[in-house]
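A.B. asks: Chains as they are written, first to last, in the working numbering: chain A, 201 to 546; chain B, 201 to 546; chain C, 201 to 546; chain D, 201 to 546.
Any given hint could be a false lead.
Identical chains share a label here; the pair holds if one copy fits it or two copies do between them.
Think about it this way: if two alpha-carbon atoms lie no more than 30 Å apart in a straight line, the pair counts; the simulated DSSO-like pairs of lysine-lysine are [as the list claims (entries may be wrong)]:
| id | residue 1 | residue 2 |
| --- | --- | --- |
| 1 | Lys227 | Lys206 |
| 2 | Lys536 | Lys459 |
| 3 | Lys227 | Lys267 |
| 4 | Lys352 | Lys270 |
| 5 | Lys206 | Lys401 |
| 6 | Lys399 | Lys345 |
| 7 | Lys352 | Lys267 |
| 8 | Lys536 | Lys227 |
| 9 | Lys401 | Lys459 |
| 10 | Lys270 | Lys476 |
| 11 | Lys459 | Lys206 |
| 12 | Lys459 | Lys284 |
| 13 | Lys284 | Lys267 |
| 14 | Lys402 | Lys227 |
| 15 | Lys270 | Lys459 |
| 16 | Lys318 | Lys284 |
| 17 | Lys459 | Lys267 |
| 18 | Lys206 | Lys267 |
| 19 | Lys227 | Lys352 |
| 20 | Lys402 | Lys352 |
| 21 | Lys476 | Lys399 |
| 22 | Lys227 | Lys345 |
| 23 | Lys318 | Lys401 |
Please keep in mind that the hints were generated in silico from the structure rather than gathered at the bench.
There are 4 protein chains.
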Amino acid sequence: MIVVMKASSSQDEIDRVARRIEESGLKAHISQGVEHTIIGVVGQALSEIRDMLQLLPGVDEVIPVSKPYKLASREFHPQNTVVKVNNLTIGDDGVIIIAGPCAVENEEQLLATARGVKACGANVLRGGAFKPRTSPYYFRGLGMKGLEMLAKAREETGMPVITEVMAPRDVELVASYADIVQVGARNMQNFILLDEVGKLKKPVMLKRGMSSTIQEWLLAAEYILAQGNEQLILCERGIRTFETFTRNTMDISAIPVIKRVSHLPVIADPSHATGKWYLVAPLALAAIAAGADGLMIEVHPNPDQALADGAQSLTFDNFQGLMSQLAPVAQAAGRKLATPGTKVEP
Amino acid sequence: MIVVMKASSSQDEIDRVARRIEESGLKAHISQGVEHTIIGVVGQALSEIRDMLQLLPGVDEVIPVSKPYKLASREFHPQNTVVKVNNLTIGDDGVIIIAGPCAVENEEQLLATARGVKACGANVLRGGAFKPRTSPYYFRGLGMKGLEMLAKAREETGMPVITEVMAPRDVELVASYADIVQVGARNMQNFILLDEVGKLKKPVMLKRGMSSTIQEWLLAAEYILAQGNEQLILCERGIRTFETFTRNTMDISAIPVIKRVSHLPVIADPSHATGKWYLVAPLALAAIAAGADGLMIEVHPNPDQALADGAQSLTFDNFQGLMSQLAPVAQAAGRKLATPGTKVEP
Amino acid sequence: MIVVMKASSSQDEIDRVARRIEESGLKAHISQGVEHTIIGVVGQALSEIRDMLQLLPGVDEVIPVSKPYKLASREFHPQNTVVKVNNLTIGDDGVIIIAGPCAVENEEQLLATARGVKACGANVLRGGAFKPRTSPYYFRGLGMKGLEMLAKAREETGMPVITEVMAPRDVELVASYADIVQVGARNMQNFILLDEVGKLKKPVMLKRGMSSTIQEWLLAAEYILAQGNEQLILCERGIRTFETFTRNTMDISAIPVIKRVSHLPVIADPSHATGKWYLVAPLALAAIAAGADGLMIEVHPNPDQALADGAQSLTFDNFQGLMSQLAPVAQAAGRKLATPGTKVEP
Amino acid sequence: MIVVMKASSSQDEIDRVARRIEESGLKAHISQGVEHTIIGVVGQALSEIRDMLQLLPGVDEVIPVSKPYKLASREFHPQNTVVKVNNLTIGDDGVIIIAGPCAVENEEQLLATARGVKACGANVLRGGAFKPRTSPYYFRGLGMKGLEMLAKAREETGMPVITEVMAPRDVELVASYADIVQVGARNMQNFILLDEVGKLKKPVMLKRGMSSTIQEWLLAAEYILAQGNEQLILCERGIRTFETFTRNTMDISAIPVIKRVSHLPVIADPSHATGKWYLVAPLALAAIAAGADGLMIEVHPNPDQALADGAQSLTFDNFQGLMSQLAPVAQAAGRKLATPGTKVEP
């Protein structure tokens, strides 16, 4: 932490700041500049100290220099984390594809989609049983019944399944059905939920909040890691900007940034990022070219009949087309598509 | 809902859209323009239908025209909602002042602050027992003990108290201590929590999410209202923008917008909106001038010792100074300061 | 400037950074932290040096600590700047009101508006002769003829006039007609234009760019001040955010921030900030309560016939109503309304 | 254009709106909904009419349905525009690479870079002679001398050159040296400049403004097209968001959106979008995977000595590495790298 004093600060004010730093069990290094005196704070400073120093007379600014996250940072954990879901690995050479409907609507729809995406080469089946919806009047998911249908689809196809948990009270339940537990963008700073999924012994996928900085996202990851769960996957799904043509703006640069500053795997969700099916394929290719460890794609047998987010869902044909383009891009980026998983032992 | 057809759409495509509308139990009004054919959808269209129509060939855009919220809208509820907390009313002539520390730190600090803000004319005491914090390493509140201290401060000062609830499982508990239950910005779209506080028979204050549009905020309010709880207060606390000088950007226009499109009371929180104590007073005055029904202000006996958000807390002196400026501004805006409440019956 | 080294940086890397700093004619102060070594750069560092240091091995971050603007900063110019337009002063006790139509449409409209706003107490007449318009198909102003009409309105009413200049080649021309030359939001970083208006011996009003930070705005001001023109007024007119209800989001906190970090007068334009006439009055009151030195308001005799921005223009009645509310708010904020100017000597 | 009436609007109000539409030479189609009456406006409505209707009693909202740009839209110009620079084509199969230093610093630096990027396979040389800089104290370019050095580099290497024009008065001059004239992001809504480059008989590259929507960008393009210059290339270079890790946020989705709604070629500038050299390669690959027609990359022989934007410049080695990755990604996206141009006739 660095304290920048005002140009007009007095020696007394400088001394007072230094004293307060030392009283907090830290060391103060004073450095006299031409315009400003700068005081380096040496030691593990708590965030409270930042606020305290900011209020002292003569202080212009207090600038943190250490990154506030540790467990999520590559600096303190140089090797890539590789998450294992049965015999599927996420975060190493292979690029994984998660696909399925936005919401589980009924058994028929789910099974048809599961078979369809598996045939195209998807590795993991997605499907929402608990759905966060902007309006209370929208379809909010089948809940428990949806979870059972997911289990059935897994049994039939051998694909591991991922589904979202919204309430701390449902964490155990969802984890007992899902192979990967998803925390959605709207819950990225639902800290109670983060604590709960941090206690699981199961892979968790944490979506980026729609107005969350990369640093806040990694701090949310830190909540989960701090509880002991290191099987964590990040997912970029678009941020909120002034542009209205797309539902959100996919922050493509977040992918190489995460790979650089963190060791966690990161995948991309171009369906939610854009909200328009015809933008999904170009953004999926872009994400892999930028270094993503995988994709999450919404696929529906009949998008124009979907109960949720039909406008951003691919048909089987479109998904098949995308899959055939993905392999050469992955290869150009020094990767390959992961082999679709063999039968999962539930 | 209005369907705008592409300039190049064929008669067949137009007919097909019309047919799909009628199959959904709605009526289609076709209107031939110079460039575009427009099809009006008459009847209560579900959001799923929007997605469905968007995917039909020849369709350029589907534009909703009804507001998606009803219970929160002034159109369907023209009179102002007035929330009652004992003998204090929120949403009529009087402007109410909520004040207190960001976090309850200990009994001494809370009681000193409660007495201090009461002496200056505050109506409600605030204090966080459960604190949402960006990092897992920050002080996260005293929890249950904090609630008990709030109850004690209420007993001693007669001020009603407001405190935040973060987890659905804590709603009953928090409501048994608080006079107003707060849902924080990070939980504005924690729909499970909204459902739970909607079942309370107690006033709720819903803060605007930091990347939430006014419409999404009113839809979150709709969740609470739809559960039957009409004692709802909104709170503008700043949105996330590209500006980094302030912690957030207070959307001052949200205040007159809410007063126009909704019947719910709206207050402003300039402390969180700015993150800097020296901006709190000018923004507090601005909010009242713009028509806010009240303010929520962080006050701390020793901001430079605070365990949370000291940099944005006022001292008693500064709070006293602000209170003396508020009365004439309220009057200029056709309002007055609410009379500080007499003793509350717990 | 402070160089933060990576936790993993070697002594060699630290030495190399220090050497490069000294080679640039600056001094390096090394400060060994627990996790990071920090190197303070002492002396007037150019921005190029920042980029250079950022690229050296072992460097994590380079953080500037001096503010990049000098002439615009209160630190180096503690007294308020007061701009004089004939006998009107901007930036001292009096709050000034600029009013008039968005665009000069014809002599009749302009004179009627000038008389109307003068009768209500406005101090300065606004009116666009050169109009920046998003689309090439919109009305782009009367140009030279508009300037002549403004001169005529000034002659008749005695009010000073403000109008926008868009092209460097028009600066002399516009300045020969206007009492205050306006640089619009879209031209805030048109550096050639800034240089040109910096050479004028006339007051200039610089609007904030719609995606400009406060710091960038002050750097744009620095361009004008650096050319020798100190008669500069800033104008907050809303920034671009994700909210779509209003045209822009008025950054109300920018007003007290500018008053704190700069000595320049700052006024607010609630008409462009909101785009909706019914939000103009509450935001005008809010801006004055927050400490603005004045307002710029669009007024039109028949808003529903206006050739530009009718939806955000006040009628004379609404403007009159606003003026009567302004005086007590100004007083509550320790200010008063400026006395409408007496006859101007052209 | 569609007028949505309030739920509470009277028959009189509806009639009045219809009458005003007909008085403006347009037709009104009234459509009675369950909650709202909707009035379709048939005919070419001017934007002024929108404002006018918005102000009539009983009107809730006026929604435009036609796209405001015509010449830039694919709807009215289905074929891709292919811009020709000598024997190089931009906008067809080949992906073109523009490379060079941010600013022309001296002859040696420019020639070295020109030779270096040509050897790696670049098609066009970039280099700024007139530099827009946030602060007046930064290096602002060599001006006329820089243009001469660019001409010399073209003569020596045979590469066409692109350089920015900032002032309307310099358009002729810059066009007499450059093969492609660039309008920078800060000038995207400098409408005077757009008019001037619209009169050229030379290719123009229009960068997206940093807070500009895709629609505003196409409207800026419309200014140039409306003056008769159809040799227009768009360039996505990142938008301003709340994220601070990168200088801007590259809106990767803008690339497929432009390809869908417009016929103009679109390229990407990952150097300015990110501000960090180590993010340039992944974003360059992503842009090509998403369908961009080319790239603009900053390359410098010694980035750590650059006078501008060194932190985002690639070394020759890094640029060479990127070029070798680009070919397979282009191929995977159904494209190929354009053949480096043969000698240009100046």
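A.B. asks: Of all the hints given earlier, name the ones this structure violates by number, lowest first.
C.D. replies: Structure breaks hints 4, 5, 7, 8, 14, 19, 21, 22.
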